[in-house]
Amino acid sequence: MKLITAVVRPEKFSDVKDALESYGVQGMTVLTVHGYGRQRGHREVYRGAEYTVDLLEKVRIETVVEDGEVQDLVDVIVTSARTGEPGDGKVWVTPVENTVRVSTGELGDVAL
Amino acid sequence: MKLITAVVRPEKFSDVKDALESYGVQGMTVLTVHGYGRQRGHREVYRGAEYTVDLLEKVRIETVVEDGEVQDLVDVIVTSARTGEPGDGKVWVTPVENTVRVSTGELGDVAL
Amino acid sequence: MKLITAVVRPEKFSDVKDALESYGVQGMTVLTVHGYGRQRGHREVYRGAEYTVDLLEKVRIETVVEDGEVQDLVDVIVTSARTGEPGDGKVWVTPVENTVRVSTGELGDVAL
Amino acid sequence: MPTRNRDEVIRVELTAGHVWTVVAAGLVFFMTPGLALFYGGMTRAKGVLNMMMMSFAALGVVGVVWVLWGGSMLAGDPVLGGLTADPFAHFGLHGLMGTEDLLSSDFSVTFAIITVALISGAIADRARFGTWVVFTLVWVTLVYFPLAYMVWGDGLFSEDGALGRIFGEPIDFAGGLAVHINAGIAALVLILLIGARRGFGRDSGQRPHNLPLVMLGSAILWFGWFGFNAGAATTVEQAALIWTNTLVAPAAAMLAWLLTERIRDGHATSLGAASGVVAGLVAITPACANVTPLGAILLSAVAGACSAIAVGLKYRIHLDDSLDVCGVHLVSGIVGTVALGFLAIPSEGRAGVFYGGGWGLLGTQLAATLFVTLYTGVLTLVIGLVLKATMGLRITRRDEVIGVDLTQHAESAYSLKDEATGYFAGQAPARPLPGTAEAPVPAASKGDNQ
Amino acid sequence: MPTRNRDEVIRVELTAGHVWTVVAAGLVFFMTPGLALFYGGMTRAKGVLNMMMMSFAALGVVGVVWVLWGGSMLAGDPVLGGLTADPFAHFGLHGLMGTEDLLSSDFSVTFAIITVALISGAIADRARFGTWVVFTLVWVTLVYFPLAYMVWGDGLFSEDGALGRIFGEPIDFAGGLAVHINAGIAALVLILLIGARRGFGRDSGQRPHNLPLVMLGSAILWFGWFGFNAGAATTVEQAALIWTNTLVAPAAAMLAWLLTERIRDGHATSLGAASGVVAGLVAITPACANVTPLGAILLSAVAGACSAIAVGLKYRIHLDDSLDVCGVHLVSGIVGTVALGFLAIPSEGRAGVFYGGGWGLLGTQLAATLFVTLYTGVLTLVIGLVLKATMGLRITRRDEVIGVDLTQHAESAYSLKDEATGYFAGQAPARPLPGTAEAPVPAASKGDNQ
Amino acid sequence: MPTRNRDEVIRVELTAGHVWTVVAAGLVFFMTPGLALFYGGMTRAKGVLNMMMMSFAALGVVGVVWVLWGGSMLAGDPVLGGLTADPFAHFGLHGLMGTEDLLSSDFSVTFAIITVALISGAIADRARFGTWVVFTLVWVTLVYFPLAYMVWGDGLFSEDGALGRIFGEPIDFAGGLAVHINAGIAALVLILLIGARRGFGRDSGQRPHNLPLVMLGSAILWFGWFGFNAGAATTVEQAALIWTNTLVAPAAAMLAWLLTERIRDGHATSLGAASGVVAGLVAITPACANVTPLGAILLSAVAGACSAIAVGLKYRIHLDDSLDVCGVHLVSGIVGTVALGFLAIPSEGRAGVFYGGGWGLLGTQLAATLFVTLYTGVLTLVIGLVLKATMGLRITRRDEVIGVDLTQHAESAYSLKDEATGYFAGQAPARPLPGTAEAPVPAASKGDNQ
Ligand SMILES: Nc1ncnc2c1ncn2[C@@H]1O[C@H](COP(=O)(O)OP(=O)(O)O)[C@@H](O)[C@H]1O
Ligand SMILES: Nc1ncnc2c1ncn2[C@@H]1O[C@H](COP(=O)(O)OP(=O)(O)O)[C@@H](O)[C@H]1O
Ligand SMILES: Nc1ncnc2c1ncn2[C@@H]1O[C@H](COP(=O)(O)OP(=O)(O)O)[C@@H](O)[C@H]1O
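Residue numbers (this note's numbering), protein chains in the order written: chain A, 1 to 112; chain B, 113 to 224; chain C, 225 to 336; chain D, 337 to 786; chain E, 787 to 1236; chain F, 1237 to 1686.
No lab work stands behind these hints, which were simulated from the structure alone.
Cβ atoms here follow ideal geometry from the backbone N, Cα and C, with glycine treated the same way.
One or more hints might be untrue.
[Unchecked claim] FRET-style restraints, in silico, Cβ to Cβ:
{"#": "1", "chain 1": "B", "residue 1": "138", "chain 2": "C", "residue 2": "328", "range": "21 to 31 Å"}
{"#": "2", "chain 1": "C", "residue 1": "242", "chain 2": "B", "residue 2": "178", "range": "30 to 40 Å"}
{"#": "3", "chain 1": "D", "residue 1": "534", "chain 2": "A", "residue 2": "104", "range": "18 to 28 Å"}
{"#": "4", "chain 1": "B", "residue 1": "178", "chain 2": "C", "residue 2": "246", "range": "28 to 38 Å"}
{"#": "5", "chain 1": "F", "residue 1": "1628", "chain 2": "D", "residue 2": "528", "range": "33 to 43 Å"}
{"#": "6", "chain 1": "B", "residue 1": "184", "chain 2": "D", "residue 2": "721", "range": "19 to 29 Å"}
{"#": "7", "chain 1": "C", "residue 1": "328", "chain 2": "B", "residue 2": "180", "range": "52 to 62 Å"}
{"#": "8", "chain 1": "C", "residue 1": "242", "chain 2": "E", "residue 2": "1052", "range": "25 to 35 Å"}
{"#": "9", "chain 1": "D", "residue 1": "434", "chain 2": "E", "residue 2": "867", "range": "48 to 58 Å"}
{"#": "10", "chain 1": "F", "residue 1": "1628", "chain 2": "D", "residue 2": "706", "range": "44 to 54 Å"}
{"#": "11", "chain 1": "D", "residue 1": "534", "chain 2": "E", "residue 2": "1103", "range": "39 to 49 Å"}
{"#": "12", "chain 1": "B", "residue 1": "180", "chain 2": "E", "residue 2": "984", "range": "46 to 56 Å"}
{"#": "13", "chain 1": "E", "residue 1": "1135", "chain 2": "D", "residue 2": "501", "range": "26 to 36 Å"}
[To be verified] Computed far set for chain E versus chain D, every beta-carbon distance over 10 Å:
{"#": "14", "residue": "802"}
{"#": "15", "residue": "813"}
{"#": "16", "residue": "865"}
{"#": "17", "residue": "924"}
{"#": "18", "residue": "928"}
{"#": "19", "residue": "993"}
{"#": "20", "residue": "994"}
{"#": "21", "residue": "996"}
{"#": "22", "residue": "1027"}
{"#": "23", "residue": "1034"}
{"#": "24", "residue": "1044"}
{"#": "25", "residue": "1062"}
{"#": "26", "residue": "1132"}
{"#": "27", "residue": "1144"}
{"#": "28", "residue": "1164"}
{"#": "29", "residue": "1184"}
[What the hints assert, rightly or not] Far from chain A, by Cβ distances over 12 Å, these chain B residues were calculated:
{"#": "30", "residue": "128"}
{"#": "31", "residue": "139"}
{"#": "32", "residue": "145"}
{"#": "33", "residue": "146"}
{"#": "34", "residue": "147"}
{"#": "35", "residue": "150"}
{"#": "36", "residue": "197"}
{"#": "37", "residue": "200"}
{"#": "38", "residue": "207"}
{"#": "39", "residue": "217"}
{"#": "40", "residue": "222"}
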C-alpha cells in the first residue's frame, strides 16, 4: 500500500474530489493547510500597517491506496488539479506498511 | 521507528486518548480533519437550497513509536475507537527513518 | 527524497520559517495542530468548573526535500525552534517514493 | 412616513409617559434576542442555533398568542376566582384597539416573551424543537399569563385577591416573582424531566463556544433592562431611582461574582462578569423602585456571590441546569424578592425590617415566593409530563452526538474558512427547489470545469 | 454636557412628539448596521467585510449627500411637475436650521440610507466597491429622493399630484413602495447587469458563514423597525396599534416561514426564522397603521410563506439574487402593499375590500406598485448601464476566486486562532508608514530572535 | 410592572425632557459595551476577553464608585478652589434621592464609565487585570470627576472659576476635553509606563482578529452617540442640529478616512470605515451644538484624514498605542476642540474666526486643551508610577506569549469546532466544585465508556 498526499488549490478541490470519486477511490482524509512556495502571496492592510501574506490556503488530501493504483491516481489528481499556474501544488507518495479498518478490524488492502 | 496515523470519530477521541495515555504513549499530535468514505453524510438546508455534506469531521492522531510497540498500539487504538458502524476510521503505519527531540537534540527512540 | 515533518511551538514558527527560507527551501506546507507530550498543560475555568487543557497548540511543518539536504535541514529546524524547555516539539523523517509538481507535471527532485 | 406630514409629526398628541412606554417596550423586546446571544454563546458550537431558535420561537409564538388570547388574559376582568382574566373577552385585542390600554398591553407582552425564553437555557443541546414550540404556547397560557395577572393585575395577590388579603400584597416591581422565580422553577422541573446532557460533567466540549457573544448578550440585556425596570415608573423621581439601581446593582453583582471567583478559582473570568451582570439585574428586578442605591449595592452583591456559588452546585447534585437558569435566575430572583423584606424603604404603608417595618413584609415576600414555586412547579410538571408522553421532550442519543443544530434544524452555525470548509461542507445544492421533477440545474452541471 | 446645566436639562422645551422623533430616528439609523450584520452573516466568510462595507458606504455617502442636497429634495417645493423638489433650495440644510423641519429631515434620511443599503444584498461577493460608492450617490439622488417625495411629499402621488389625482393616494405608511419595492426592483436590475456569482448554484461555499450574526442582524432590524414604523405615529392610539402590528407581524411571518420549511424540507431552520422576521417586517411596513392585529397576522403569514417559496426560485431561473433581496423585500413588499387593498380598516374615506371599501383602494395600490416598478426599473437600468460601461460593475474572475474582501479591501474578516493564523497570515508589517524612505524598523528587525 | 397600574402608566408625570434624559442615559450606557466589541475585535484572538473585561470592569467599578462618592463629586459645591466638589456631601447619592438631580447624575455617570474604558485600548494584551481594576477606581476619582466638574460644573473652567475668568469658558458640549483628550492623554502616559507588546511592529499576529465585531462595535458606538451628544439638548432646534451633526460628521470622516487609505495604500478597508466613524464622532463631540452641518462635514473630514495618518505614526516612533487611542481619540479630540475656534457659530457672545468672532475663542480652546493635557498627564503619571511600583502594570513575558486571556482569566474566547476543539481543549472538569474534599464525580467517572 502507498499513501498519496496531495496539496492542491482550494478552488480545485471540488474537481479533484469528483475525479477521485469517478475513479472509484473509497476513502480519503482532507484538511485545510497553508502552503509556502513559488506562488506569490498577497498583502493585507490594517490601519495603514501592511502585512505580506506568503502562506496561502491550500487543501491537503491523503488517501491510502493499493500499490497498483498509485500511478493512475496520481495522474487523476494532477490532471484535475492543474491550472498551469505556479501554486497548483504538489503530490507525493510514501510507503505504508499496514492499514486497519477500525470498524471491522480488517487489515491490508481490504481495509482501504 | 514507525509513524502510526489514526483517523477516528471525534466523539471517540477522548476514549482513544485515555487508552493511549494508559498504555504509556509519551506524545502525539492531533488535529481535526474531514473524511470521505463509506459512511453516509448528512444534509443541510439554507433558504430551501439543500447541501449534501459527505465530508465528515474526524480526528487525526499521529504518534511516532518504537518498532516493538506498533502492534500493541494499533490494537489499543482500534479497540478504543470502535463502535462497529461504518465511519469508525482507519489506522495506517508508515516507516520513520529518524526522530529528533527539539528541546534537547536527542535522536532516535530516546527522542520519542 | 524525504519528507521532513516538524512539530514546533507556534511562537517559534516565524523563526523556523525564516531559517528555512534563508537556507533556500523552496516549498513547505504548514498547519495548526494540537500536541500532547511532556509539557504541562494549563487550566481554564468556566462558571467554577475547571478544565485541564493538556493538548497544546503547535505548528506542524512538512517539507519534501532531496536526500542530501535532510541532515542540514533538520539541523536548521532544530536550531531555530529550540527554547530548551519541554514542549519544543519533534522532527521526524520519512521516505518519499516520488513527487509531482502539479502545475507542470515534473517528477522527482526537480519538482520540489 | 418620513416626510409627508411634517406638521403632524411635530404636533403629535403623545405625552411623555406614552413615549417612554413605547420606548421601554422596544427595549424590553430587544432583551429576548440579547438573551438568545447570551445563551447561544454559552452552548457548544453545535447547539448555538437551536439555543437561539428557542428564544426566537418564544418571540413568534407568544407574539401571536398574545394577540389572540394572551392580551385578554392580562386586561380582562377576573375569572376562576382571580386565577386569571377572561381569555376571550378581548380576542384579537379588539377591545383594546383605539385605547391607551393597547400600549400597556404592548409593554406587557415583552415580559411574557422573555420569561418563556429564559427557561430554554436549562435544556440546551437536547430538546426537540417541535416540542419546545408547543411548550411555549401552553406554558405561557397556563402559567405565565395567570401568574402575571395574580401578581400585577387584579388577581389572587392583588389587594382584594384571596391571597393578597391573607398574606398582603407582595412587592414585585418588575418581575422577581412573575418572571425570574417563575422561569427558574419551570426550568428546574424541565431539567428533571429531560435529564442531563450526554457527557454532562465529563465532556469538556460543553464549555461556552463564543464568549464575546455571551458578553454582547449580557450587554444587550442590561441595556434593555433599563426599560424592563423603569418602564413602569410613574414619576421622574421614581424613574431616576430605578435607573440608578439598574446601573449600580449589576455593577456591584459583577464585582461580587468576580471576587468570589478570584478567591475560589484564582481568576476573575469574563463569563463571570457577564453572569454577575445578569444576576445583579435579576436581583434588583423586584426591588428596583423600593431600595436605596446603597441597598441595591448590598442586595445585588449578596445575589452575585450566591449565584456564583450556586452555579457550581449542579455538578455535585448531577442536575444538568445547562446554562444555570436556576443558579442565576432562581437564586438571585429569590435573593432580590426576599431581601425586600429587609431593605424596602417605607412606601404605601410597608417597609423592610431595617426600616422599622417589622417582619410582616418579609412574610409576604416569602409567602408569595412559595406560592409561585408551587403554582409554577405543579403546572409545569403536568405540562412537561404530557409533552414527554406525547411528542417527546428529548432528541435521540444519536442526534445529540451529531449535534442538535444539524439534526433539528439541518444547519451548522459557522463556516468561517470558506474556501475549504465550503468545499468540505458539501456539494452543490442537491435539491434547490421544492416540488420540481426535473433534475435540478446546479447538480446536473456540477461536473463542469467552469 | 453631562453636568453643567442641570436645570436646563430638566427644563428642556422638547415635547413628547419631538423626543419620540429623535429616538425613532436613532432606531432607524441602527437598522442599517443591523442589515450589515444580517447580510454579512449570510455571505461566505471571504465576502463578509465587503458586504458590510456596502451598508457602511451607504451611511457615509447618503449622510453627506443628504446634508448637501438630499434634504432639500425632500423638503422643498415641487419642481419638474412634482417629480422632485428643488435640490438646491436648502443646500447644506441651511433653510431648515433652527426649525423643527430639521428634525423631520433627520428622521427621513435614515430611510434613504437603509433603502440604498438593502440593494447591496443582491450583488454579494462580486461588485467593485468604488462603483458601489458612486452608485449609492447617483441612485439615492435620482431614484430614492424623488420617489420618496412622490409618495410621501407633495409629489406626483400626493393628493394634488398628477398621478394622485388619477389613481388616488396610495397607502404606504412606512415604506412598502418607497423602500422595499423600490429597493427590490433596483436589486433585480443590478442582478441582471452584473450576472451570477462564479459557481452559483453549484458551489456549496456560498452557504451563510455565520448564522448567529444573521440572527443578531435580524433582531437589530426588528428592534429598529419599531422606530421605522411607529416613528411617524401622530396619536397614542396609532402608536400603540403600530407597535402591536410591528411585534405580531414578524412573529406570524416567522411561524409561517418555519412551517413552510418544515413541510417542504423537513426542518425549521434558524435562517428561516431570521428571514421570516424580515419578511413580516417588510410586509407590515406599508400597512402598519391601517390593519388590525388580526389583519397583520393574516397579511404577514401570507407574506412569510410567499417569500419562503420565492427564495428558492432563483436556482430555477438561474438569477443570482445572492441574499434574496427580491425574494424577501420585493415579494413581501408587494404582498403588504397590495393586501392593503383588502385589509385596510376604514380611515380618511378609504377602506379595503373586506371592510366594504370596494375595489378602488386595491386599484390605487396596484397602480402605485406598477409606477414604482417602472420608475425605479428604468432609472436603475440607465444608471447601471452607464456605470458598467465606465467604471465596471464587477470584479475580475481571479479576484472573485481569491475573495472580494481580500481583493477589494486588502483584509480578511477573521483571524481566530491567532498564534498560528497570525504567523501564517503574514509577516511583520512590510510598509508600516506612508511615504517613509528609510527601511521600516519592524521589517528590519524581523530576523531578531527577541 | 407590566400590567398593574395601567392608569398610572399613562398618567406618569414625566416630562418629555425627563424621558429624553432617561433614554439618552441608556444610549450612552450602551456605548461602553459597544466599545468593548470595537476594541475586542481589534485585538488578537487570545486577548479579546481581557480587552472586553477592561470595559466591563469600568462599568462595575465606576458604577459603584459613583453611588458611593463619585456622584457627589459632580453635584456638590466646589472645594479645593474649584478643583472638585465635596465627595462625601452626597455619599450614597442620598442628597439626590427624590429629586430630579438624580436623573442628571444618571446621565453623567455614563460619561465617566466610557471615558475610563476608552483608555484600555492603549494597553491591550499586556496589562494585569487586578491593576486595571484599581486604576479605574483611582483614576476616575482623581482625574475624571474633578475634570468633568471643572469643564461642565462650577469648577475651574466655569464662568466664575479661576481659569474660566482668565481664559474664558471653553466650548465643550459633549466631551472633547473631558472625555476624549482626557482619555487620550491618560492612554499616552500608560503606554510610556507599560511599554510595547512583545513583537510590536513585527508580529503579524497582532492584526485584528474579528472585523465584523469591530464594525458592530462602531455601529453601537454611533447609535449610542446620539444620546451622548444630543442628551443635553435643551431645545427642539438644538436637538435637531446635534442629531444632524452626529449623523453627518462620522459619515464625512468615514469617507475621508477611506479616501486617505485609497490614496496611500490602494484600498479602502472596513477597519478604516469603522475607525473613521469613531474619529468623526470624537471630533464632533465638543462641537455638535455649535457648528452648522457643513461645518461638521469640514471639521470631521479633517479629523478623519488626520487620524488616518496618525495611526501609522506609532510604528515610526515605536510607541505601542495598541488600538490607537491617541491616534483616534486624542488627535480627533484636539481637531474638534480646536476647530471650534474657527467654526463655532455665534452663540452666547462667542463665535469662531470664520464667523467674525476673532481669535479669542481659539485661544480659550487651546488653553483648555493644554490644561487638560497637563492635569491628566501629571496625575495619570503619578497614579501609574505608584501602581507600577506596587501591584505591577504588566503581565510576565511568559504570560504574554501564552496570551492574556488564558493567564489573567483562565479562559479562551472561542471554541468553534466543538467536537474536536472541545475534546482537544481539555478534560472533564477537574475541580468542578469549591471546597469539596471528595473526589469530584465527573473526574472520577472520566474513564467510563458511557
Ligand atoms: N517541497 C515541498 N514540500 C511540501 N510542500 C510543498 C513543497 N513545495 C510546495 N509545496 C506545497 O505546494 C504548494 C504549491 O507550491 P508552489 O511552489 O507555490 O507552486 P508549484 O506547486 O506550482 O511549484 C505550496 O503552497 C505548498 O503547500
Ligand atoms: N483510503 C483511505 N485513505 C485515507 N483515509 C481514509 C481512507 N478510507 C477511509 N479513510 C478515512 O476514514 C474515515 C472513515 O472511513 P469510512 O469508509 O467512512 O468508514 P470505515 O472506516 O468504517 O470504512 C473516512 O472519513 C476517512 O477520513
Ligand atoms: N511520539 C510523538 N509522536 C508525535 N508527536 C509527538 C510525539 N511526541 C511529541 N510530539 C509532539 O511534540 C510536541 C512536544 O512534545 P513534548 O513532549 O511536550 O516536549 P518535547 O518535545 O520537549 O519532548 C507535542 O505537543 C506533540 O505535538
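query = Which numbered hints does this structure break?
reply = As far as the earlier hints go, 1, 5, 6, 7, 8, 9, 13, 14, 15, 19, 20, 21, 22, 23, 24, 25, 30, 32, 33, 34, 35, 36, 37, 38 are violated by this structure, in ascending order.
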